[in-house]
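All chains, full assembly: derive it from the sequences and hints.
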Amino acid sequence: MQWVDTIIQGILLGGLYALYATGLSLMFGIMKLVNLAHGDLIVLAAFVIVVLASLLPPGSGVVLALLLSLPIMFGVGYGLQVGFLNRTLDRDILPPLIVTFGFSIIIQNGLLEVFSADSRRLPLTGWESASLSVASGISIGTVPLVCFASAVVVIAGLNFLIYRTAIGRAFRATSDDPETAQLMGIDHRRLFAIAAGIAMMVCAVAALYLGLRANFDPTIGPARLLYAFEAVIVGGLGSLWGTLIGGMIIGVAQTVGAQINPEWQILTGHLAFLVILVVRPRGLFPKSEG
Amino acid sequence: MTNRISGVSRRGFAKRSIAAGVAAAAAPTWTSTVFAQSSKPIRLGYVSPRTGPLAAFAEADDFVIKGYLETVKGGLKIGNATRPVEVVVKDSQSNPNRAATVAKELIVNDKVDLILVGGTPETTNPVSTQCEIEGVPCISTLAPWQPYFIGRQGNPGDPKTWKPFSYTYHFFWGLEDVIAVYTNMWEQVSTNKSVGGLFPNDGDGNAWGDKVVGFPPVLDKKGYKLTDPGRYRNLTDDFTAQINAFKNAKCEILTGVVLPPDFTTFWNQARQQGFRPKVASVGKALLFPVSVETLGDAGNNLSSEVWWTPNHPFKSSLTGLSAKQVADAYQQSSGKQWTQPIGFAHALFEIATDALKRSADAGKADAIVAAIAATDLDTIVGKVHWGQKDLPPFAQKNIAKTPLVGGQWRRAANGKYDIVITDNKTAPSIPVGGQMQPIA
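Going down the list, the protein sequences come from chains F and D.
Numbering-wise (the working numbering), the first sequence opens with residue 1 and increments by one.
Numbering-wise (the working numbering), the second sequence opens with residue 1001 and increments by one.
Hints are computed from structural coordinates only; laboratory data are not their basis.
No false leads were mixed into what you were given.
Which residues of chain D face chain F? A partial, calculated answer using Cβ under 8 Å:
1) Gly1052
2) Ala1055
3) Ala1056
4) Pro1229
5) Leu1235
6) Asp1237
7) Thr1240
8) Asn1244
9) Thr1264
10) Gln1269
11) Ala1298
From the three backbone atoms N, C-alpha and C, an ideal C-beta is built for every residue, glycine too.
Following this line, the structure appears as structure tokens:
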């Protein structure tokens, strides 16, 4: 029974990693940009949600604050892309990488200046410690379950956007061949800005669960980023469902490792990542075999 | 593909940003007074983690330093001369390498007479080590003495090689005090004596969980059964394995030394998965009221070691103000709740001032060190007196212990948490505010 519990908890943990990773995966898939400030942007979103929640009348809940934060984070993503990242995108992948590294430092210290080093948590309503008892010895926390469901909904929604809509077609075209897409009249810079905006909206959703599961402070972003990177790579670059599967693999590997010995928790996650890199260097579901 | 930026030229923007950065990065030097600079000022260096993950430890620094400079604005009378006091503040950025670098800057560029440092072993150790190498006196606090003393030894694994230091002095409490405080608190609650231990793989976790100097041998002796699933990594997102181990062992007591975000993750998951101990005494995570507040109602009756509160019956040797008055002044000036490091930051300046006044010749490092070693001062955190018998012989010279008691966080009607002292067997002079209550 304990092993069943361990695997269920690992899968739910994978949902969290997948939410952390989806924005990263999206930005890489569309503009080939590795965003090193991704973790810090999630923390930024968490602070935005905290501030909004404190402005709303008490009791209206964090979900409303999240909904209000979505357009703000879209604006942040759009602004960063237009103001900075678009200016650095070129054949050379290094300048945007370094710019996002700079963002990471600026966001951390900016938040520290404004919000101090106090650790924060999203306003609580009591459901963060609620759980469903499935069988004896197995109880599933409500928040992890809702978090996993959110990851599935977010990824399904993004896939619909990318494969079923006009703007999604433009995303795919630009991702495949930016020069030709431009010849067809697509303004790739505007498109990139929209993609960055959407990625930041996903960050806001991830921030909600970051703030519900544990407390956060301005400097905690990078620590949460490593598993997100691994999830993206295990799943295959550019594939969003792959990112979810990748997150689940890392999550289950970690909880199973920890069940054997807590000292192995992180190690087994990394080992699973290495094994998949060796067996399938392009990840499990790479977007194209080219 | 090249980009032209309209409006602001890229170079101009870069120049301006750099200028702003340099201005912001310049270390503040605060002088006590606009003295006619006839007598050479005494310079104190102060290193603390003002930014980064440890910044909560340094939050009260500006308040303490401003208050201190106000007190000594007439200068310090040392021997026959009255000399103005300057404090040069440096930020360690919560990074041990950076801490060592700024300590060196204080010594070489600012030519400070004495360095004061607080804020976990990550700050005290590199700074003290630089001072020891350069022969500059240093007083430190806010780190249990074991990681400070043993962590700075050439071979921490072999007690026979441990040597005392010549220039660096430390005051705080030790692991043995935490263990005593915790077990005293647990004895007030009826439990099955089965203890779950959460020890991370870092300096503190390894020391607390150590089979020789840590919790395991003492708990064994006192009849407790410890379940220690092993060292986990900090900032973990999942504690299912630990929770299952504690549930299997039917633990009714939880202990450990856990980072605040990890404790929130653990405590939430424990409640989700039905692990509800009667007592939880945890170090580090429950230090600051804001981190307990983040737990909501689930924070009520969590317990922790207590180094200093406004109810401690001590007063400042500098200003004569009581612990309560100092804490109230902080709350008034910052609008924030008091925290434990305030008392210790204040005490650093008390001890420095006392030692400088007694040093025959404040220009000389050796005179200052001799005065520090001879300190016997009642400070706002209790008596500080080096060379006492309450420590193993190798540590007596450089370590002075301040009293430690245990307390429980209780939620007030306004949602704020306050710590109530529930056990004072280790320091009877500090009044208790209530009895231990089991966690609901």
